[in-house]
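*Asks:* As they're listed, the protein sequences go chains A and B. Residue numbering for the first sequence follows the working numbering, beginning at 1 and increasing consecutively. Residue numbering for the second sequence follows the working numbering, beginning at 1 and increasing consecutively.
Honestly, I wouldn't trust all of these hints.
To be clear about the criterion: a stretch of chain A counts as covered by chain B if any three or more of its residues have a C-beta under 8 Å from a C-beta of chain B, and this derived list gives those stretches [stated by the list, open to error]:
id	segment
1	45-56
2	98-107
Derived DMTMM-like pairs (lysine to aspartate or glutamate); straight-line CA-CA distance at most 20 Å [to be verified]:
id	chain 1	residue 1	chain 2	residue 2
3	A	133	A	121
4	B	233	A	219
5	A	287	A	209
6	B	233	A	121
7	A	287	A	219
8	B	233	A	72
9	A	136	A	183
10	A	222	A	247
11	A	222	A	196
Think of the hints as simulated: they come from the structure by calculation, not from any bench. We put the CB at the ideal spot given by N, CA and C, even for glycine.
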Amino acid sequence: MNDTIIATHRLSKTYSGHPALRGLDLAVPCGSIYGFLGRNGAGKTTTMKLLLGMLRPDAGEIRLFGEAIESEASSIAARRRLAFVSEDKELYNFMTVGQTIRFTRPFFPAWRRDLEEKYLDLFRLPREKAVPKLSKGMRTQLMLLLAMARGAELLIMDEPTGGLDPAMTEEILLALADLAASDRTTVFFSSHQLAEVEQICDNVCIIDEGQVVIDGQLDDLKSQYRRILLVFDGQPPRELAALPGIDHLRQRGRTASLLAHVDVDKLLDRARELGARSVEVHPVTLKELFLDHVRGE
Amino acid sequence: MLWFKAWLETRWRFGLIVGMILLAWLAPLWLRSFHLRLPPGVAASRIWLGVHLGSLIIYVYSAIFLAGSGINSQTTYGATSGFHGSMLFTLSLPVSRRRLLFVRAGLGAIQTSVLVAIMVGYTLLQRPESTSALQALVFLTRSIVCTMAIYASSVLLACLLDEMWQIMAGFMCWIAVLALGFKFNAVSRISPLRGMSLISYPIAAPMPWTPLAASLVFAGVLLCGSVLVLQRKEF
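Okay, chain B solo, but in the shape it has when bound (with noise of 0.2 Å):
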């Protein structure tokens, strides 16, 4: 039944990401309407990129946003400071923090991973030219495992703070990510965020296994952080 509580607790944040993904679908019909037109003179394939970079901020925003609320952060805004009264209930029950842990971690996880193969899939559709089953795949494969470092890194935050500042910290995060990426050589080698990205790898690139091997490194690594931190931490 954790499941059950773990989907109750997300379906709205999952809805609200799915309705966010078909916005931005209708956004061209919706533009039409206006009788707007693209310059002249712009490619196909660039408006396709401004698609995929919209897309993956799309997975950085679906993977902090859906590790939140879970055993630690179930603040209400405004109402009380620090931990949703309804925690102590949860860990009243006779189920380890671990448990507890892997159940709503995972089923954030599995939402998260929806929500990019829909936003994979879209991308993919929306490209000028063809795509064959093994690049879909492929392209497929590498947005998820990398976003998973992602999300780790936002199911770690939740263990530690409150939301609010877990989504903000979990945004900064991944900025100077980015930004030390631009810097440092090493960092943009590693980076999931680099092995998400088509103008990094475009799609006919073959798997970009160093940032696929460093995220499922991080996000290994952070999952047993954030076990850890529950295991120890003090209600």
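Here chain A stands alone, though its shape is the one from the complex (with noise of 0.2 Å):
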């Protein structure tokens, strides 16, 4: 078995000259929550759409279920094995709850009537509601519903609690969680609501112009990097920046802040030689990371 659900490898998009993704690589693992994250624009959407077959890529490959996604029959043989939950939430207008359960259920072979009816009482969602009559959050529920009862290997999210007050919000998260425990769907989810995607996600991602800054096990992530706060006498030396194993170095006056990823203790030594006079270390937040990645300094 294959344990990379979704992998591309130097994956390049580009609208009328500007790039959206430039050389993407990706390997989101079966089974795991994958946050996919960046600032607007960096390319989340895009790379979705593109795993989706709805765009082609300008270079660069892409991979489902281990197979290369090269054709419209290989998209649509992956297509099966998936759902997709779009930002905007939009279904069809002109049918109801019941009606979009219709339409989707022949498509998927594997369709489970017992979700089907379980995820209806849980999300208490009536069938005879017109869609335009939904809620937001009750849209979201029901592709929740349709992904959950197709028996989808991967679930791709853009964005799914946008918009959405807290308590669907954690009613959504929850379910997600659940999802990936029991049935061992692949959750791929975009987000910019950092600490949802810290409650529920065991991987990240954070592109940034439409490339990957970061990429890893969020729990390894946070024990690899570390917050140092150095103060000096005076301005902080310029050797500073130059040092091994540091991500970034913002400077406001005697102080300098940095973000690590090495042999802390070396670091510290070598700041202390640089005169650093006060040295605090913090554990770093996924917050912290996505700034100090994608900031731009």
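Starting from two chains that each stand alone, build the complex the way the hints lay out.
*Replies:* The following block contains the structure:
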């Protein structure tokens, strides 16, 4: 069994001369909840559309479920095994909940009626209710139901909790965590809500300007990185920026703030040699990792 | 189930045009209730010709209106620009784009044909002289085939443009074809608008093969073009 469910290699896409993706390399492990992060316009939605065959790459390779996606036929075969929840959660305005389910069911031979009933009850979705009368949260729940009942092995979601109230957000996140835990479904989702990502993801990838800047297991990343605050008598020395293992350096007055990912003790020794009077080491949050890597400093 | 979706998507359009036809049918009764009379000396055949020309407008309208709201044009007027988000749901299903187009265009073609058949029946019932079954069949066939050329052009436009522009561009195209037909004989000879007209080919005339063949070729080419556009399109 292939343990990577989504793999891209040097994936590139340009819109009218503007590069959206520049050699994106992704490897999403099977069964993970994978947070795909980046600023607006970083290339998240473009990546998802490329995975789903809605866009064609300019260069690079996409593999889903271990198979190369090179033609419409291979894309259709992959789409039988996945589900997609778009950012705006739009479904057909001319259908009811029941009609939407009835429409989707025949495309997926492994459709599970028991799960359909379970999630209709759990999400309190009335079959006869028209889709335009559903709130955004209920539309998200309906899309999740459609994804779960079809027995999707991979769920691709573009900002699943965008525009939802905290209670609905919690309900959706619990459903996602349950899905990944009970059915070994891989959840690949983009979000701007870093706290949510931290709450349920086991892997994260941060992209910026169409390239991966950080990728790995969330716990590993948090244990690898440290925030180091240094205070000097005067301006921090220029040599500080050249120290190995420093990802980002910010200076304000006599203070320097470093994000580092190597042997911190060695780094602290070097900083003291350079004249640091005060040294503090803090664990990092996902938000700090994100901001330090995409702020463009 | 794509047929089911296509039907739910277009049933109001279909119903709206049926409503228009009913209104047209009821218009004489309605006018009579106002004690309106036709001016003396207006021949029944001229009135009937007016009915026929009115029905041609309904053919064109049906063909253009029923081709919209397909895979590409699910825009909510004023709410969003560009595509409606549900299109992404459609495209994420394990279905080829060609099949999506064929089912949607197929159902629209059937609906358009039904509407044309209703109008042909109405036109022939209003005709002062009697019409043979063969004449009716010939007229129905050429009306449907020529309308399909207009329909296919609307399908192609629906693959290229948002719905509002598709409808406007559809009417503009066929007004241009009509105008060019008056100016150039070559256009007139092959024009589908001429093929469906009882002015150009009276009811007793044999099957007008030239505009019919041209309409078939035109519809086929435009449908192939629509498939190519849709398969290359990025969403």
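*Asks:* Compare the structure with each hint and give your call.
*Replies:* These are the hints, each one checked on the structure:
no., hint, result
1, 45-56, "holds (count 6)"
2, 98-107, "holds (count 7)"
3, 133(A) - 121(A), "holds, 18 Å"
4, 233(B) - 219(A), "violated, 41 Å"
5, 287(A) - 209(A), "holds, 18 Å"
6, 233(B) - 121(A), "violated, 39 Å"
7, 287(A) - 219(A), "holds, 14 Å"
8, 233(B) - 72(A), "holds, 13 Å"
9, 136(A) - 183(A), "violated, 25 Å"
10, 222(A) - 247(A), "holds, 14 Å"
11, 222(A) - 196(A), "holds, 16 Å"
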